[in-house]
Amino acid sequence: MDLRGMASRVEAGMQLALPVDYAGVSMAMTRALIDHGAGDLDLFCVPTGGLQVDQLVGAGLVRSVETSAVSLGEAGGAPRFNQAVGEGRIALRDATCPAIHAGLMAAQKGNPFQPLRGIIGSDILRFRPDWRVIDNPFADGGDPIVLIPAVRPDIALFHAPMADRQGNVWIGRRRELAAMAYAAEQTLVTVERIVDENLLGSEMSAAGTLPALYVSEIAVAPRGAWPYGLWGEYPTDTAEILRYAKAARTAEGFAEYMAGLPGNRSRELAR
Amino acid sequence: MDLRGMASRVEAGMQLALPVDYAGVSMAMTRALIDHGAGDLDLFCVPTGGLQVDQLVGAGLVRSVETSAVSLGEAGGAPRFNQAVGEGRIALRDATCPAIHAGLMAAQKGNPFQPLRGIIGSDILRFRPDWRVIDNPFADGGDPIVLIPAVRPDIALFHAPMADRQGNVWIGRRRELAAMAYAAEQTLVTVERIVDENLLGSEMSAAGTLPALYVSEIAVAPRGAWPYGLWGEYPTDTAEILRYAKAARTAEGFAEYMAGLPGNRSRELAR
Amino acid sequence: MTDVHPREVLIASIARLLDGVRHVAVGASSPIPAAGAMLLRALKKRAGAPPVRISILGSVEHNFFTNGSAELFDCAGQGRVDAFFLGGGQIDGQANINLVGIGDYPASAPRWPGSFGSAYLYFVVPRVILFREEHSPRVFVEKVDFISAPGTSEAGVHRTGGPVALLTGKALFSFDKSRPGFTLESLHPGHDLNEVREATGFAFRHADQPGQTELPDPATLVLLRGQIMDELSETYPEFANQMRREVCA
Amino acid sequence: MTDVHPREVLIASIARLLDGVRHVAVGASSPIPAAGAMLLRALKKRAGAPPVRISILGSVEHNFFTNGSAELFDCAGQGRVDAFFLGGGQIDGQANINLVGIGDYPASAPRWPGSFGSAYLYFVVPRVILFREEHSPRVFVEKVDFISAPGTSEAGVHRTGGPVALLTGKALFSFDKSRPGFTLESLHPGHDLNEVREATGFAFRHADQPGQTELPDPATLVLLRGQIMDELSETYPEFANQMRREVCA
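Quick mapping for you: the protein sequence lines, in order, are chains H, L, G and E. Number 163 in the numbering used here belongs to position 163 of the first sequence; there are no gaps in the numbering. Number 264 in the numbering used here belongs to position 264 of the second sequence; there are no gaps in the numbering. Number 108 in the numbering used here belongs to position 108 of the third sequence; there are no gaps in the numbering. Number 207 in the numbering used here belongs to position 207 of the fourth sequence; there are no gaps in the numbering.
In short, the hints are calculated from the structure, not lab data. We put the beta carbon where it would ideally sit given N, CA and C, even for glycine. It is possible that some hints are incorrect.
As the list claims (entries may be wrong) - In silico negatives: residues of chain E with every beta carbon more than 12 angstroms from chain H:
id, residue
1, Glu-142
2, Glu-185
3, Pro-189
4, Gly-201
5, Pro-218
6, Thr-220
7, Arg-244
As the list claims (entries may be wrong) - Where chain G lies over chain L, by a calculated footprint (3+ residues, C-beta under 8 angstroms):
id, segment
8, 67-74
9, 89-101
10, 142-152
11, 172-184
So that you can see chain H by itself, here it is in the shape it has in the complex:
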């Protein structure tokens, strides 16, 4: 499967679960998604977002973002996201990291909700009418506790080092990727490479493998997390992220940056 075919799985109005910077972001698919153009997306950041969220927002494809944070890390705030927030152009569902994980865990377990300590008294809770507070039924009375409803994204999208020919994907210790896949309807994965051995064939590789049962499509995208790094594979290209952060301060700078990216289809077609 190529990236273009994979992107066509994404339809307008879908909810996409996306991983944190360091867990394996499928940046290769960001560009394919922008070319594909399905909009009104609801992004669900596991548990925070960065470059991918900023670019999808900048391209006008995003209706809402549920997240614990969005930033470019050392490169500072996420410029397109922050501007869209300030202008009220996207709906925000601010969360806190373990609440994001709790929503996925509820879906993973087939439960309607998952309890979570903390949060009470935070303005996060005040702006989340979809969360509930109940009194812990195991206490003698009182003891309020937050319940987070299950989150079942239409699509989980991430990048991983390898997949095998049976469709199993090696995610190592980034088990939030498995949590995303368990919870989601479809799971789209880009990988650095396809390997010949069955990843479930040895206990050592099986321990870090997401079984094919949870994987809808796999596409090969070498250096597909770039400019993010991929654990055990390559480091983050901080200079490139800084270059983006500077360019994307304006809508024009953002458009120019995106047009100049390798893998941009309009640019490739023009060659």
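We have chain H; now place chains L, G and E onto it with these hints.
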């Protein structure tokens, strides 16, 4: 640390979490625990029990068993356990596998409870006054759902292929072992061998590693799951389990079998 | 080709009952359900139909899970397990199953192993097939002594799964959850209605002249005796060897 | 040996604030808290005391977790994280912190990244140290515009953790949750009470003549400038290099 020293961590009245047959049972510690003699134990089987439970019950060390099942697999029922149940000598807390996992998950998350579908209408629920049923607060009304309270065992005990010199333990894909350790106050692990490389040093081995943070003590016990097998290491010695099943039909046969086991201290001292 | 072996009838029946599933989970020590699932997988592959995935629990070779023993239940809760098999020391006319024991709980005597995951999987797996080879009044009772998992639930209880059929060594029943109750669908070769009535402790619906359980056709038998027994012998070598001996005898 | 660098005062203060912890977690891009934790670890090791474990989030080399990004929160919920650091774009006199933005939420301008795990960790980590180098009225406000995580909770709300201290570039405060409010404990060298009052948008208790923040002794400084900077440079090479340049200048 030797097995005797490890066994001395177990005090009378403690709750012990023990893994299922195929996940890595520390049979070596069964014999050490019987020598040690701390009684009134509450066993928590994750999610079912077998030979180890039967032997601890047979040795008179067990006050209660919480489990989804106890059996010797192909060798049939667990003779000492079944006789103790029939005579009402141990308290039973019958569960169902995912409820066992739910209790550990609640503890892993620092939550007072974990919801779980199913169970309603089962006699299991009727005999578990410690479980609660509430109406799902996210439904329009009705929709009863069971809440399982957190289980925080005093000790998790299991056997694994290897540990490193930093105290990290390789559990492969047997993640219920990690769940037990997360939930428990102390975690005691026997291993086939200690390896020199840091298990967290490569992403491949790290994926299947329980970090030292959760591990209280490690003891080396080659073939420590015997007569159970250990994944990736050695198969189950079915003949030996059949031999046990036959012997343990009577209390006398059980005592004779246990006295004849390799590693039995009274026998070793007698040499 | 010899006559069809009684267990071949069961295996072929299971393959038919599973028709249309994408993913079937099979418990440990369940060679007949496993063989039925493998037969369906082979038939679908031969027909060029979408693949059938089989997870055999407790098997190292056929363990497609990597998140510990909780994963089967999570997977079922997600709606990713289409079919599963349950049995029971007792099964009653409302499809309640008892895996715990006879007599006054908790002092059951005999005590059986326990409920395992039945109290959950019976609720969330859409197509649960009750399978028990022994067809006798001590197994098929009017009312079970302990409900490990109920056959039906009241309206308002979340339930996406439940029993669809009961397969025994003598007959095949369907289950109607609206009554609730079983209906005899067919008798296996060599068994008749009177025998089944006497061997069943609960009442069930039946035709006056129940039909015979459909036998595997010759092509299916070839597949079953060759490829399927080869696949099965990886996990259940003794069962496969016994089948081979009895079929060739 | 040159004079003590202002950041060395901060690092040594953090090590003192952490005294007694078994496990401290440090967020990504937090070199000063990380250095303080490393200093404590080295001091304890030198003294033959029980070891101090440090988890640095987002670091591949110092990632002692193997269960994805949820594990830190699980670990804290289990009571296995004794200390953590939080900051904020705004921090108020009740120790409420705001990591979300200025103005009317949701249309915050500026919008900051977001609350991350603060709304949970602030509740369950027993020793949370508020750390913000910039000490100005725009950071330390009377009341935050958005409460990412509250400094205190009503009776009856499960809370095993919370703020114990606030360390800034100018001073060290303790937090008293019963009032609630901050008390100035000491001023860093070169700063005085009037300056700190002007730079702080909330009222705080203080002695008439607040003492000076304790400086690292010469042996500690040697450790800090040698071993700790070496350890730190594995994760924060630029910060360690800058410190080395400024200390040697």
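Hints and how they fare:
1. For Glu-142 (chain E), the requirement that its beta carbon stay farther than 12 angstroms from each beta carbon of chain H is met, with the minimum near 16 angstroms.
2. In this structure Glu-185 (chain E) is separated from chain H by more than 12 angstroms, as the shortest Cβ-Cβ distance comes to about 26 angstroms.
3. Consistency note on Pro-189 (chain E): stated as away from chain H, and its beta-carbon is indeed over 12 angstroms from all of that chain's, at 30 angstroms minimum.
4. Distance check on Gly-201 (chain E): its Cβ is at least 19 angstroms (rounded) from any Cβ of chain H, clearing the 12 angstroms threshold; non-interface status holds.
5. Every Cβ of chain H is farther than 12 angstroms from the Cβ of Pro-218 (chain E); the closest lies at roughly 34 angstroms, confirming the non-interface assignment.
6. For Thr-220 (chain E), the condition that its CB be more than 12 angstroms from all CB atoms of chain H holds, with the nearest at approximately 29 angstroms.
7. In this structure Arg-244 (chain E) is separated from chain H by more than 12 angstroms, as the shortest Cβ-Cβ distance comes to about 20 angstroms.
8. Only when three residues or more bring their CB closer than 8 angstroms to a CB of chain G does the claim for the segment 67-74 of chain L stand; here the count is 7, and the claim holds.
9. Check result for the segment 89-101 of chain L against chain G: holds, 9 residues qualifying (beta carbon to beta carbon below 8 angstroms, three or more required).
10. A stretch counts as covered by a chain when three or more of its residues have a beta carbon under 8 angstroms from one of that chain; for the segment 142-152 of chain L and chain G the count is 4, and the coverage holds.
11. For the segment 172-184 of chain L, the stated coverage by chain G is satisfied: 7 residues place a CB nearer than 8 angstroms to a CB of that chain, which reaches the threshold of 3.
Violated hints for the displayed structure: none, as all numbered hints are satisfied.
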